[in-house]
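Peer 1: With chain A's structure known, arrange chain B on it following the hints.
Chain by chain, the residues run as shown.
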Amino acid sequence: MKPAATLAPPGYVPNSIAGILYSPEEIAQRVRELGQQITRDYAPVGRDLVAFGILKGVLPFQADLMRAIDLPLRSDVMTIAGYRPPNPDAPEQRPPGSVRITKDLDVSVTDRHVLVIEDMVDTGLTLNFILKLLRQRRPASLAVVTLLSREAQRLVTNLPIRYIGFEAPADFLVGYGLDFQEQFRNLPYVGVLKNEMYGN
Amino acid sequence: MPPIAIEPPGLTSATLPGRTFRVSRGRAIPKWAGRFSRKVLDPWQFTRFAHPAEAEFARVLDFYRVRWRYEPRQFALEWHPDGTTAKMFAPDFYLTDFDLYAELTTQKQALVTRKTAKLRRLRELYPDINIRLFYRKDLQRFLARFGIQVASQTVTPPGGFVG
Chain A
1 MKPAATLAPP GYVPNSIAGI LYSPEEIAQR VRELGQQITR DYAPVGRDLV AFGILKGVLP
61 FQADLMRAID LPLRSDVMTI AGYRPPNPDA PEQRPPGSVR ITKDLDVSVT DRHVLVIEDM
121 VDTGLTLNFI LKLLRQRRPA SLAVVTLLSR EAQRLVTNLP IRYIGFEAPA DFLVGYGLDF
181 QEQFRNLPYV GVLKNEMYGN
Chain B
1 MPPIAIEPPG LTSATLPGRT FRVSRGRAIP KWAGRFSRKV LDPWQFTRFA HPAEAEFARV
61 LDFYRVRWRY EPRQFALEWH PDGTTAKMFA PDFYLTDFDL YAELTTQKQA LVTRKTAKLR
121 RLRELYPDIN IRLFYRKDLQ RFLARFGIQV ASQTVTPPGG FVG
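As given, the protein sequences belong to chains A and B, one line each in that order. To convert, note that position 57 of the first sequence is 57 in our numbering; the numbers rise steadily by one, no gaps. To convert, note that position 52 of the second sequence is 52 in our numbering; the numbers rise steadily by one, no gaps.
Since the hints were derived computationally from the structure, they do not count as laboratory data. In this text the structure is predicted, and so the values were computed from the model without any measurement. Treat the hints with care, since some could be wrong.
What the hints assert, rightly or not - In silico lysine-lysine, DSSO-like type, Cα no more than 27 Å apart, as pairs: (1) B:Lys137 / A:Lys56; (2) A:Lys194 / B:Lys108; (3) B:Lys137 / A:Lys194; (4) B:Lys87 / B:Lys108.
Unchecked claim - To spell it out: a stretch of chain B is covered by chain A in this simulated footprint if at least three of its residues, at any positions, have a beta carbon under 8 Å from a beta carbon of chain A; those stretches are: (5) 53–61; (6) 64–78; (7) 97–105; (8) 132–142.
Claimed, not checked - Not everything, but these chain A residues come out facing chain B in the computed CB check (under 8 Å): (9) Ala43; (10) Pro85; (11) Ser98; (12) Val99; (13) Lys103; (14) Leu125; (15) Phe172; (16) Gln181; (17) Tyr198.
Even glycine gets a Cβ: it sits at the ideal position worked out from N, Cα and C.
For reference, chain B alone in the conformation it holds in the complex:
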């Protein structure tokens, strides 16, 4: 059975009164699809991530009871002369408890120049925004502490990666 996108990222069944889901192989299935349980779902269970490392990162945050949202906001970085937005940037995670954005990159160091430039621009335009950039090496080290290996940069499948 293919994964079912049920709700936007960042919501749990606790925030959706009257909704219950069951979990099958890590995927959230609505109760009207069959048997159900009252298990409260973690957001990663029905968020589509762009990379498996992001799903692992989300699991670790859940483990430490840190509330997060996945790509909740887009920041305009450049504008056309007519005022429309020319370039946007959506940090991967927002950690609600710490008012902090986290951007993960799994690209090799030599390929992250564009992302670094975007982050620099973001900090110039939005100086009140707190953001941390995790390079590939940082992610590898962070996840290796938990016995998780970061996969190489992969092509995101249609629909993204499910936690």
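Just chain A, with the same shape it has in the complex:
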């Protein structure tokens, strides 16, 4: 890991960041490679490719990856209501009881080749829910591209993750879409959050 101060203008690296794991240049290079690989693999399917991301963390990666794929494709986004713990100060405000879609796809995936774009696959719980849902819609094929993968923490195995940008270490990563309490998504690099920000 590189010291944060050496790779970004002074003042642009928040004090909460321990260091930069992947610089903007390294990310751009890897995204280009992934785009080329996907272009090669999906060239035979013509116009039947649907690529969609799962908001919000995926936004920068999806925007960059789509432009690196040299194929006609349909793009879309999906939003999932993430887990929220019960608020002990306001017990009447009950959080959602189970995972649900808050913004579904606008394009049909039936009989089309579907590429799910993820920022990070960790335990795989969210992705597992989405893939189960998509399989019911009978796509022609289903694959996942993720910028970061943390295989060591995977609870759900046998996920069709075909393209991986980087293997993620055990640290809490932020930047390039990844957040901590909705902050740091706009950082142009992937950084490591200082442990004291979330641990004790």
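Peer 2: Okay, now just chain B, sitting in the frame of chain A:
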């Protein structure tokens, strides 16, 4: 009113025909204790966890509709010369859908050597068992994504923590 242990972990009212419970402040109360509703209870609502982080972990699993059981099985790791079991290990969670055990530890990294050794032994003796170990840092990171902070290693109160 103190928490009432109603059924063994891993069961829901859906699996108990004829039983109904009501929930008061996150605790399951049998209908014969008063008013009742037909709400189907999640297992964490009447499981005693050894640590609050385990209760949070269970809630997240429930949220993602992943079926789990809490400490459902003990594995023998060492035996006395007379054949009786000398050392056992009970992983915290079994995820039924994925045929996977998950062990959580909230101890600091330097203190997990014994647990790591147990897991290594488990894998040697039971190579077909799939198990994932979540260290304190992994748990902190996993739960921090949902805005939950892992408490330090605590003394488990009598009866454990209720989800």
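Peer 1: Please list, smallest to largest, the hint numbers that this structure does not respect.
Peer 2: When the structure is compared with the hints, numbers 9 and 13 turn out to be violated.
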